[in-house]
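Novice: Residues per chain are reported as follows:
Protein chains: 2
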Amino acid sequence: MKKFVNDPKQFVPEMLEGIALANQDKLKYVPDYNLIMRTDIPRDDKVSIVQGSGSGHEPAHVMVVGRGMLDAACPGDVFAAPPMDYVYETAKLVASPAGVLLLVNNYTGDRMAFDMGREMAEAEGIKVGVLTIDDDVAVKDSLYTVGRRGVAGNFFVIKAVGAASEEGADLDELLRIGQKVNSLTRTMGLALTACTPPAKGSPLFELGADEMEVGVGIHGEPGRERRNLTNADAIVDELLEAVVTDLPYDSGDRVALMINGLGGTPISELYILYRRAHQQLADRGIAVGRSYVNEYCTSLDMAGASLTLVRLDEEIERLLEAPAETAIRIF
Amino acid sequence: MKKFVNDPKQFVPEMLEGIALANQDKLKYVPDYNLIMRTDIPRDDKVSIVQGSGSGHEPAHVMVVGRGMLDAACPGDVFAAPPMDYVYETAKLVASPAGVLLLVNNYTGDRMAFDMGREMAEAEGIKVGVLTIDDDVAVKDSLYTVGRRGVAGNFFVIKAVGAASEEGADLDELLRIGQKVNSLTRTMGLALTACTPPAKGSPLFELGADEMEVGVGIHGEPGRERRNLTNADAIVDELLEAVVTDLPYDSGDRVALMINGLGGTPISELYILYRRAHQQLADRGIAVGRSYVNEYCTSLDMAGASLTLVRLDEEIERLLEAPAETAIRIF
Numbered sequence: 026m027k028k029f030v031n032d033p034k035q036f037v038p039e040m041l042e043g044i045a046l047a048n049q050d051k052l053k054y055v056p057d058y059n060l061i062m063r064t065d066i067p068r069d070d071k072v073s074i075v076q077g078s079g080s081g082h083e084p085a086h087v088m089v090v091g092r093g094m095l096d097a098a099c100p101g102d103v104f105a106a107p108p109m110d111y112v113y114e115t116a117k118l119v120a121s122p123a124g125v126l127l128l129v130n131n132y133t134g135d136r137m138a139f140d141m142g143r144e145m146a147e148a149e150g151i152k153v154g155v156l157t158i159d160d161d162v163a164v165k166d167s168l169y170t171v172g173r174r175g176v177a178g179n180f181f182v183i184k185a186v187g188a189a190s191e192e193g194a195d196l197d198e199l200l201r202i203g204q205k206v207n208s209l210t211r212t213m214g215l216a217l218t219a220c221t222p223p224a225k226g227s228p229l230f231e232l233g234a235d236e237m238e239v240g241v242g243i244h245g246e247p248g249r250e251r252r253n254l255t256n257a258d259a260i261v262d263e264l265l266e267a268v269v270t271d272l273p274y275d276s277g278d279r280v281a282l283m284i285n286g287l288g289g290t291p292i293s294e295l296y297i298l299y300r301r302a303h304q305q306l307a308d309r310g311i312a313v314g315r316s317y318v319n320e321y322c323t324s325l326d327m328a329g330a331s332l333t334l335v336r337l338d339e340e341i342e343r344l345l346e347a348p349a350e351t352a353i354r355i356f
Numbered sequence: 026m027k028k029f030v031n032d033p034k035q036f037v038p039e040m041l042e043g044i045a046l047a048n049q050d051k052l053k054y055v056p057d058y059n060l061i062m063r064t065d066i067p068r069d070d071k072v073s074i075v076q077g078s079g080s081g082h083e084p085a086h087v088m089v090v091g092r093g094m095l096d097a098a099c100p101g102d103v104f105a106a107p108p109m110d111y112v113y114e115t116a117k118l119v120a121s122p123a124g125v126l127l128l129v130n131n132y133t134g135d136r137m138a139f140d141m142g143r144e145m146a147e148a149e150g151i152k153v154g155v156l157t158i159d160d161d162v163a164v165k166d167s168l169y170t171v172g173r174r175g176v177a178g179n180f181f182v183i184k185a186v187g188a189a190s191e192e193g194a195d196l197d198e199l200l201r202i203g204q205k206v207n208s209l210t211r212t213m214g215l216a217l218t219a220c221t222p223p224a225k226g227s228p229l230f231e232l233g234a235d236e237m238e239v240g241v242g243i244h245g246e247p248g249r250e251r252r253n254l255t256n257a258d259a260i261v262d263e264l265l266e267a268v269v270t271d272l273p274y275d276s277g278d279r280v281a282l283m284i285n286g287l288g289g290t291p292i293s294e295l296y297i298l299y300r301r302a303h304q305q306l307a308d309r310g311i312a313v314g315r316s317y318v319n320e321y322c323t324s325l326d327m328a329g330a331s332l333t334l335v336r337l338d339e340e341i342e343r344l345l346e347a348p349a350e351t352a353i354r355i356f
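One line per chain: the protein sequences are A and B, in this order.
Under our numbering, the first residue of the first sequence is numbered 26, with each subsequent residue one higher.
Under our numbering, the first residue of the second sequence is numbered 26, with each subsequent residue one higher.
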């Protein structure tokens with residue numbers, strides 16, 4: 026296994042400790058519940074925003090805690106939902122009179138943990154909303170879901186509700202905004218290689234030297250089809266067709282376009298994909314209003330990428346433009 | 026070859042086109058000379074800052090063009106220096122009465138191209154300064170250099186002179202600042218896997234399943250030693266010892282600490298390395314004033330990382346904190 030790791034059991038705690046050490050003025054790590062939270066919340070006038078999920082998708086979600094994004098993230102172990110009592114303890118730690126909004130990507134394990142964590146928190150009088158994200162168009166009812174999976178489009182929901190919560194939006198308003206963004210967001214991904222979980226030490230699945238997995242999930246779940254590798258433009262055309270026709274996005278629309286790396290693909294290749302997607306959208310009469318080319322939701326060291334579109338309106342674009350801070354940054 | 030690529034010959038131009046399309050308001054791509062430049066320069070009162078190098082190290086340097094960073098980048102093909110006439114044409118395009126500062130990582134091919142490009146520009150009356158960066162402590166006189174190699178520490182030189190140039194510093198002052206930052210910056214890297222250049226289609230060198238290359242160069246050049254893979258903490262301890270003792274950094278120093286991914290390593294693992302480095306610096310009485318955990322200077326899809334320290338003083342810290350914009354970003 027070619028990884029920077031000590032004890033695989035300590036992979037997540039050591040990463041979280043690193044995040045907190047690199048952001049000591051703004052973030053803290055709470056080892057008892059394996060969570061990362063802002064040091065300046067809860068605030069009485071602000072709904073606290075929390076997301077949890079399995080680890081291995083970094084920067085999602087533990088590295089997008091910060092002003093205008095998440096107030097806390099409670100990750101599970103690699104590719105494992107967080108324990109329900111950790112969700113509950115996280116909700117308690119960030120609880121504000123304005124309430125707590127729990128964001129959940131649609132995987133059965135995560136939904137169960139968050140539903141139970143919510144019940145436990147509500148039993149203590151905490152006001153809780155739950156919002157489920159399911160932007161992946163590849164498959165319905167997958168290996169680990171009923172319905173569609175939540176993947177990189179999740180970033181836009183976090184960004185929008187994070188910004189609105191800083192402006193003082195109440196829990197109902199945040200649920201409306203989050204549901205709207207989710208309803209206008211679609212993603213599809215593609216893997217060139219499998220990923221290797223630290224505790225397994227070998228690739229999670231087999232993919233031949235000339236094969237790619239179209240519509241792959243972020244835990245290596247099967248997608249729509251496994252077939253021979255094609256070139257970058259053909260790959261973009263296929264992802265784009267699947268995404269555009271699903272909502273559908275129409276001529277005259279203005280969109281955010283995200284090319285998300287899955288962990289092992291260099292950013293040079295992501296811009297080659299971006300180029301084609303931008304050009305093909307222009308040919309369809311769809312204008313790119315905002316561009317996102319980086320890693321947002323990965324699958325450990327998997328080589329691959331996903332393409333996300335969000336249909337923009339004035340409200341969404343304003344919220345996406347609002348200032349924000351995260352552990353992941355350049356400067 | 027598991028890459029998103031069309032024609033390998035078009036790898037760099039298509040990437041540059043993507044960068045420009047994603048930043049249409051701020052950057053432009055000039056296909057004739059394979060360069061990326063800001064749309065709002067040259068400015069009469071500002072020295073223009075340019076860096077070139079081989080491609081394959083992204084985000085360095087084509088993705089760090091922007092306000093407070095580079096004004097232009099003229100890359101060569103993958104792992105190849107830019108042609109001297111492209112350096113010259115770039116200098117002409119960005120030439121300002123205040124002059125042009127050319128930043129060069131210390132590789133023989135790059136230095137030759139920049140020295141000749143400088144002569145051609147000076148022959149036309151353009152005021153040009155050249156600053157060489159050589160932060161890599163691993164080896165002296167390597168495969169492609171006389172003296173030390175320039176690697177990820179380069180980011181700090183760009184950031185400092187970019188900020189100072191926005192404040193109106195003249196060419197001599199920028200040379201002083203850049204030389205100072207370079208003189209206080211040290212880096213060492215380590216590879217877990219080789220990288221695969223698109224035009225070659227296979228790994229550039231062989232590294233056994235249990236081996237690592239300590240002190241690797243960003244083109245896969247041999248480092249200090251090839252030996253059996255150890256755990257993350259032991260790797261950090263070795264890199265840190267080599268870097269700390271080189272300047273040396275002493276108890277009481279305040280530093281910037283960068284953990285730079287080499288392209289194929291997920292950010293989760295970079296934070297595991299960061300944790301140990303931060304703790305070990307604290308044990309040595311060295312305080313981390315600024316943290317950088319991301320990809321800054323890569324080697325295509327190589328799994329690996331480098332560790333950089335910069336000794337901070339008031340001037341450097343102020344320049345590193347100044348606002349800046351680049352093509353690579355999160356929001």
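To be clear, the hints were calculated from the coordinates, so they are not data collected in a lab.
Among the hints, erroneous ones may be present.
One side only, chain B facing chain A, incomplete, derived with CB under 8 Å [claimed, not checked]:
#1 Glu191
#2 Ile292
#3 Ile297
As the structure is a computational prediction, the values presented were derived from the model and not from experiment.
Positions of the beta carbon are idealized from the N, C-alpha and C atoms, including for glycine.
Novice: Report the numbers of all earlier hints that the structure fails to satisfy, in ascending order.
Specialist: Hint check: 1 fails alone, others pass.
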